[in-house]
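Protein chains: 2
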Amino acid sequence: MREISSAIKVGAEAYLARQYRTISIIAIITAVLLGVGIRDPTNQWLGVETGVGFLLGALCSNLAGYIAMYISVRSNIRTARGIMTSLDRGLKIAFRGGIVFGLAVVSMSLLGIAALFMIFNRDPRLLVGFGFGASFAALFAQLGGGIYTKAADMSADLVGKVEANIPEDDPRNPAVIADLVGDNVGDIAGRGADLFESITAENIGAMILGLAPAVYVMFGVNGLLFPLLARGFGLIGTFIGTFFVYSRKNEDPFTSLTRGLVVTGVICAAGFYVLTVLLLNGEMYFFYAALVGIVGAVLVAWVTDYYTSYRQRPTLGIATASESGAAPGIATGLAVGMESTALFIIVIGVAILLAFALGTGFTSVGGTMDLTNPAFQKGLYGTAIATMGMLSVTPMILALDGFGPITDNAGGILEMSGAPEESRAISDRLDSVGNTTKALTKGYGVASAALSAFLLFSAFLEVVGLKGVDLFRPAVFTGALIGAMLIFFFSSLAIKAVGSTAAVMILEIRRQFKEIPGIMEGTAKADYSRCIDISTKAALRNMIYPSLLIVISPIVVGVILGPEAAGGLLMVGTMVGVLMALFMNNVGAALDNAKKYIEAGHLGGKGSLVHAATVIGDTLGDPLKDTAGPSLHVVVKLLNTITLAVAPLFLLALLH
Amino acid sequence: MREISSAIKVGAEAYLARQYRTISIIAIITAVLLGVGIRDPTNQWLGVETGVGFLLGALCSNLAGYIAMYISVRSNIRTARGIMTSLDRGLKIAFRGGIVFGLAVVSMSLLGIAALFMIFNRDPRLLVGFGFGASFAALFAQLGGGIYTKAADMSADLVGKVEANIPEDDPRNPAVIADLVGDNVGDIAGRGADLFESITAENIGAMILGLAPAVYVMFGVNGLLFPLLARGFGLIGTFIGTFFVYSRKNEDPFTSLTRGLVVTGVICAAGFYVLTVLLLNGEMYFFYAALVGIVGAVLVAWVTDYYTSYRQRPTLGIATASESGAAPGIATGLAVGMESTALFIIVIGVAILLAFALGTGFTSVGGTMDLTNPAFQKGLYGTAIATMGMLSVTPMILALDGFGPITDNAGGILEMSGAPEESRAISDRLDSVGNTTKALTKGYGVASAALSAFLLFSAFLEVVGLKGVDLFRPAVFTGALIGAMLIFFFSSLAIKAVGSTAAVMILEIRRQFKEIPGIMEGTAKADYSRCIDISTKAALRNMIYPSLLIVISPIVVGVILGPEAAGGLLMVGTMVGVLMALFMNNVGAALDNAKKYIEAGHLGGKGSLVHAATVIGDTLGDPLKDTAGPSLHVVVKLLNTITLAVAPLFLLALLH
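Taken in order, these protein sequences are the chains called A and B. Going letter by letter, the first sequence gives residues 1 to 656 in our numbering. Going letter by letter, the second sequence gives residues 1 to 656 in our numbering.
Read the hints as simulated data drawn from the structure, not as lab findings. Fair warning: there could be bad hints in the mix.
Result set (DMTMM-like, lysine to aspartate or glutamate): computed pairs, CA atoms no more than 25 Å apart in a straight line [claimed, not checked]:
1. B:Lys467 - A:Asp370
2. B:Lys161 - A:Glu323
3. B:Lys514 - A:Glu323
4. A:Lys514 - B:Glu323
Selected chain A positions facing chain B (in silico; Cβ < 7 Å) [as the list claims (entries may be wrong)]:
5. Ala269
6. Ala327
7. Ile352
8. Gly465
9. Phe488
10. Ser491
11. Ser492
12. Met571
13. Leu620
We put the beta carbon where it would ideally sit given N, CA and C, even for glycine.
Using the sequences provided together with the hints, build the complete structure.
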């Protein structure tokens, strides 16, 4: 077990080291451009502060990802050992690994923002660079990790299971360690960077909204501190919630994780009550807005579970349709993914409208509805507080998310080291819970991306001095069309990157099977590290082009078509990004679970034609749910932070 | 041959009769609500005119679809006979069937609009009901036809080819006639209704823009007549272009069809020149705008061909990826479909911006950029003329589109009647050309939907008295999110409708194979008509729910969240609709052609594992490219005409 775990550790560290090296070079160039090269005509925002903030944001994001990976590669073997003792012990160790991860990511963001806020003379607008740096690093982390993990998964399955006919997680497969490394760099470091970015963007956006005259006159600097203290309560709530995660005799592990989340949510709600009384003059409407956010988080998780769990009708429909073949099964899967967006969007839409109305105190707004209207400013602060509410439970959500890959790794370690059957049964049980929590946290990731993006819009409009984004103007309409198209184009590149990285790995695995004598008999060892090395290089190479597309396009559109067109690009890009992310995440999860349903012995079970059909669906869903989908969460936020960071430049636009 | 052709004829007529009956009932209720039940607070637009126009629009659309089907079911047998003589003869007959179809659809629209324009005292704003009726009928026709044709196709393949192991188009298969009927009701009657709606919406939208003060003061009623006369030139151009479609010895049929299209395009361009001189005071900028539209149509066709033809890299990539299995092949297909939106959107975006700039005469616009600005009004008229340019070649495009199903049917008739091998080789050659033209006309359908929708936006804003659609207002943002989501939800319902209709048919086909003795030996005949009857009923039942979703949602949003939110819904819904339509059309076409590439003998050819993988991809692509995708063209326009028709109602909105 030690041997395997240390191979995973070495591989994950090698991957992250190389990834951070790649990011560093691009980040330093960008920081220099931001800080020095690009002149801000209004001399207001761009400058040394933005450049320094950018570097610090990227650094903190990477550090958070690194800590997360550091913890998870050390928790997996302990979890494996714990599982051999009891379910409760395995559950607790895996979950506590996740908690360290969650607390580290969130604290790092809070620390960075609070420090910069003090250094930059309490002007939250100067923190924009930090947010841009965080989303910049997050895109590379999530996309690169996503490409790596799925390419390793696909190629290990394809050559191992299909061609060489050996089972999953078999030590003879040269890609098996790369596959386990992938869980750590994709799901752990990638998702960590993703949510680091969400909470960072939310904090900065909410603080900027606190600067709006109508809000500032009411709460003063307290309105800026509120988001930071709310985040602190989330950390405390998570810490306490941790103690409620334990498995009573034969209790479903999912139930005990839910208990931890509920406790955290209740403590966060209490925290918002206290903060509203202390900082917001007891204006209870804002407390209700926070509740809207917390309830929204629960509903989003519920919708995601309904559409992706095999206890529910949609995924069962995929399994049934697969009886007629892979194509009807996949078609049903695509339909389920598309349908899943409906309830989700209704939840988000109602949350935004309700929080806005609460922010205005349900008074009639009157006058022109734009940023100059005091009621409008208060309404926006209401949506900011709902976003804080939703994001307050983030550390706990991250713990649940980390739980998945840690148990997955533990299962792999047990399998490869030939642990007894009963331990593996326990690890399978934990693993299936991990699959569910991973799907739920992705839904949460999308919702938080949507709400934080909405906060950043107003900051953008304020910088460029716009009152709104009028879609009816041809330049804005075109910018918006381009924003929507970018999401499709990026997704296409992400999916293709998995394919081309996998192609490189497949050749290497085939080569090893052919050239290393005794590998199939188990007398010679496969060269894991070479496999990891090759796929690391390929994944990092393939992530650069799509990332640059997202960084450069909004700048080009803003400079040519003007700031309002850039606003159209980022708003419609955000909407389409949210929809496509949901669609791809849920298609993948539903297809995966339809396969699991068959494997649980239904409709013919493992080895039947139906099973073969669902395996095709599952393989197709992988790059959608673990590469393109989660990367889109980051893309949505990156589009917003980048336009915000370079916004002053757009005032020089050709068509302005 | 006569027997088969008459079975197709009877089936298609039975389907359309039942479909029109279903539509009639819903249409009459809607017309009464429009004309009487709904009160217009401003007493300006809604009323008897809208109700009457609505009914007439639906009637003309259905009539155009019926004529198209009437011609095509009579051309198929003649084409089959022609093919037995020579390639040239088959090509000419099939194409001329298509031409009658194209001329009939376009003339019907021109006739209806011109007549109503005279009756309604030359006020184009009263024509809105006609446009709504046309799009209403088109949605049912395209969606119902699309569900029917793909369900028949899928179930015939699944039970016939896979279970009973008989070849395609085998007369023993009870669903074989239903499959051929499907080509006529889906591709012919459906696409006819789709483009009937595009040109109708374009004419009405352009005429309303001609009413804008800055335009009206320049051109008077000539600015309103221009769109009608431009349409007339398109008819003349197509008529002349027809004579250039003939196949010289061994000439590729595609070349001769292209020649016909080029001649039509040149005549249309000349027509625009003449009309600009005569009606628009020789303001050549508007002529250039028309050229932008014509060139745009060519570029759109080129982009579609690049992404879906198996002579090009993208589709070849799918074939290569399928060597690793169905899942990598389909993943690559999805990536190709997503990527294909990029160039397309750039063409459309540049066309809109360029035409707008030409409309303003490339002068500086100045002042606020909204509908009250004279330069803005002229710019919009420029985009209207570019749309006219793009749509001027519609009759010829429709002829190319009709060409596909007619040759497909002819091939089926030849196959079933045991024609000699060489005739079938010719029919295969024509059939593959038909596949290409079908894909191109779909790209054209999306482009025309996007541009005509853009024209309708301004009409909508004028009615509700808005200057723009500000995405930054929470209600508008939410409306826009809902618009985007509706497209995903509708697509999901359309895909599922194919699956559930196919499930009903599969049961019936299996029953016939089991219960009719001698069916497999060819001694007893399959009960084709029962199969047609069952699938007709199921398809029509399954089309109602998605259609009502699209009709009712914008009204609900407009009434609750106000007119500007409805504007957000329709604009973002249009953008996402265009992207998803492109994505689904091109995924389907590329996967289909990847299979054809393998079947042409590459990478192992028919019967290989690669072939099996591409067959799965092709089957998956069918409901995307022939049901959901084309229905979205119509949805985009319907969202626009419905909000326009009931717009006055939104002034009573709760949150206005």
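Inset, instruction - Would you settle whether the hint for Ile352 of chain A is holds or violated, based on the nearest Cβ-Cβ distance to chain B being less than 7 Å? - result: holds (5 Å)
Inset, instruction - Classify the hint on Ser491 of chain A as holds or violated, based on whether any CB of chain B lies nearer than 7 Å to its CB. - result: With a minimum Cβ separation of about 5 Å from chain B (threshold 7 Å), the hint on Ser491 of chain A holds.
Inset, instruction - Would you mind confirming whether the straight-line C-alpha gap from Lys514 of chain B to Glu323 of chain A stays at or under 25 Å? - result: holds (20 Å)
Inset, instruction - So, Ser492 of chain A near chain B? Judge it on the closest CB pair being under 7 Å. - result: Because about 4 Å separates Ser492 of chain A from the closest Cβ in chain B, which is inside the 7 Å limit, the hint holds.
Legend entry - Hinted contact Ala327 of chain A with chain B - closest CB pair below 7 Å: It holds, given that the least Cβ distance between Ala327 of chain A and chain B is near 4 Å, below 7 Å.
Legend entry - Holds or violated: Lys161 of chain B to Glu323 of chain A, with C-alpha atoms at most 25 Å apart: This hinted pair holds, its Cα atoms lying about 16 Å apart.
Inset, instruction - May I ask you to test the interface hint for Ala269 of chain A with respect to chain B, counting a Cβ-Cβ separation under 7 Å as satisfied? - result: Violated. Min distance 23 Å.
Legend entry - Proposed proximity, Asp370 of chain A with Lys467 of chain B (alpha carbon, max 25 Å): holds (14 Å)
Inset, instruction - Using 7 Å as the Cβ threshold, decide whether Met571 of chain A counts as touching chain B. - result: Constraint on Met571 of chain A satisfied, holds at 5 Å.
Inset, instruction - Tell me if Phe488 of chain A is really an interface residue toward chain B, meaning its C-beta lies closer than 7 Å to one of theirs. - result: holds (4 Å)
Legend entry - Restraint status (C-alpha distance of Lys514 of chain A to Glu323 of chain B at most 25 Å): holds (20 Å)
Inset, instruction - Would you settle whether the hint for Leu620 of chain A is holds or violated, based on the nearest Cβ-Cβ distance to chain B being less than 7 Å? - result: holds (4 Å)
In the structure shown, a violation is registered for the earlier hints numbered 5, 8, in ascending order.
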